[in-house]
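There are 2 protein chains.
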Amino acid sequence: MDGSAPGCRVLGLCGSLRRASINRALLHAAAIVMPDPTRFTVHEDLGSLPLFNADLVVAPDSPVAELWRSVTTADAIVIASPEYAHGITGVLKNALDWLVGLPEFYGKQVAVLNASARASHADAALREVLSTMGARLVEEASITLPLTGVPADSAAILADPHRRAALNSAMAALARGAGT
Amino acid sequence: MDGSAPGCRVLGLCGSLRRASINRALLHAAAIVMPDPTRFTVHEDLGSLPLFNADLVVAPDSPVAELWRSVTTADAIVIASPEYAHGITGVLKNALDWLVGLPEFYGKQVAVLNASARASHADAALREVLSTMGARLVEEASITLPLTGVPADSAAILADPHRRAALNSAMAALARGAGT
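Protein chains in written order, with our numbering: chain A, 18 to 197; chain B, 18 to 197.
Be careful, since some hints might not be right.
Claimed, not checked - Derived, one-sided and incomplete: chain A residues facing chain B with beta-carbon distance under 7 Å: (1) Gly64; (2) Phe69; (3) His103; (4) Gly104; (5) Gly107; (6) Lys110; (7) Val117; (8) Thr149; (9) Arg153.
What the hints contain is simulated information worked out from the structure, not anything from laboratory work.
We treat Cβ as the ideally placed atom computed from N, Cα and C, and that holds for glycine.
Required output: the full structure, derived from the provided sequences and hints.
Following this line, the structure appears as structure tokens:
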């Protein structure tokens with residue numbers, strides 16, 4: 018018994034579209050150490066979202082509707098994102114703008130992973146935005162894991178036993194919370 | 018003599034894509050009261066930018082290259098944007114992400130217009146981002162002009178003589194600065 022609920026689902030959102038994104042690799046590493054039977058899926062399609070426009074009619078087969086479905090069915094969300102010019106990336110903020118007012122986002126448990134100890138501005142801004150959107154930030158699962166110089170690869174991230182243990186603890190805390 | 022330089026160019030960037038955007042209307046109002054002979058152009062194409070991806074190769078005829086040219090040829094920039102969930106809009110941040118590292122942005126004079134006295138989080142975050150990008154914030158031209166309840170129309174914005182005078186003073190300050 019690790020305390021996680023059976024069939025619990027976690028959705029990963031990455032704030033970078035780069036192929037060699039350390040933040041996407043971090044999400045995949047988090048998926049690996051997530052305790053069973055929680056299912057962790059990384060949303061790979063934030064790049065196909067249109068730029069937010071309140072005038073736009075969202076079709077049921079659109080990437081926006083797909084994001085809404087993924088968020089709705091998730092028990093918790095993990096966000097990992099770089100900081101661009103001391104701010105949240107436009108890619109991530111655009112995805113969040115599409116989630117503002119989605120009833121199922123309200124009260125959702127969210128963990129924020131930070132891959133750089135220096136990226137404090139975007140981290141603070143992201144927390145402010147998430148709180149405003151009604152998310153429940155899971156502090157025990159929101160950790161800074163400095164990855165400067167580490168290859169953008171989940172195996173490389175998990176090769177360090179301290180990092181692996183820290184990430185495992187964070188994800189276990191999230192799974193426990195999401196099951197409650 | 019109003020002190021503005023001949024042929025000075027100002028570029029307006031709007032953080033909302035809504036047709037009835039009060040911020041776009043504010044930029045058009047600013048263009049109207051901008052002292053001659055400064056030319057004020059509102060960039061109407063931020064919605065066609067791709068989401069920022071450092072891996073993407075920018076073609077010369079792409080909306081990104083067009084934005085770079087508009088910024089490069091501008092002597093100053095005016096930004097007006099709503100706040101979404103206490104943050105910079107994804108639309109605006111995405112445009113700024115494409116400008117990070119553009120040599121011509123560095124040292125550019127930028128004014129931030131704020132159409133809501135309550136939108137302090139995004140305003141502060143935007144100033145932090147712009148400073149990090151090397152912009153020179155023109156404080157005299159960066160004013161808050163509360164427009165809650167005002168129709169999204171430049172004529173409606175300028176119908177109030179106090180608002181018109183405040184916006185005119187701000188734009189005159191920007192034109193003077195851009196000419197130096």
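Consistency of the hints with the structure:
The criterion of a C-beta within 7 Å of any C-beta in chain B is met by Gly64 (chain A), whose closest approach is roughly 5 Å, and the hint holds. Satisfaction of the interface hint for Phe69 (chain A) is found here, the shortest Cβ-Cβ separation to chain B being roughly 5 Å, below the 7 Å cut-off. At about 4 Å, the closest approach between the beta carbon of His103 (chain A) and any beta carbon in chain B falls short of 7 Å, and the interface hint on this residue holds. Satisfaction of the interface hint for Gly104 (chain A) is found here, the shortest Cβ-Cβ separation to chain B being roughly 4 Å, below the 7 Å cut-off.
Taken as an interface hint, Gly107 (chain A) checks out: its beta carbon lies about 3 Å from the nearest beta carbon of chain B, inside 7 Å. Hint on Lys110 (chain A) holds. Least Cβ distance to chain B is approximately 4 Å, under the 7 Å limit. Against a cut-off of 7 Å between C-beta atoms, the interface hint on Val117 (chain A) holds, since the closest Cβ of chain B lies about 5 Å away. Contact between Thr149 (chain A) and chain B, as hinted, is supported at the beta carbon level, the nearest pair being about 4 Å apart and thus within 7 Å.
For the restraint placing Arg153 (chain A) at the interface with chain B, the shortest Cβ-Cβ distance is roughly 15 Å, beyond the 7 Å limit, so the hint is violated.
In summary, the structure is inconsistent with hint 9 from the numbered list given earlier, while agreeing with all the others.
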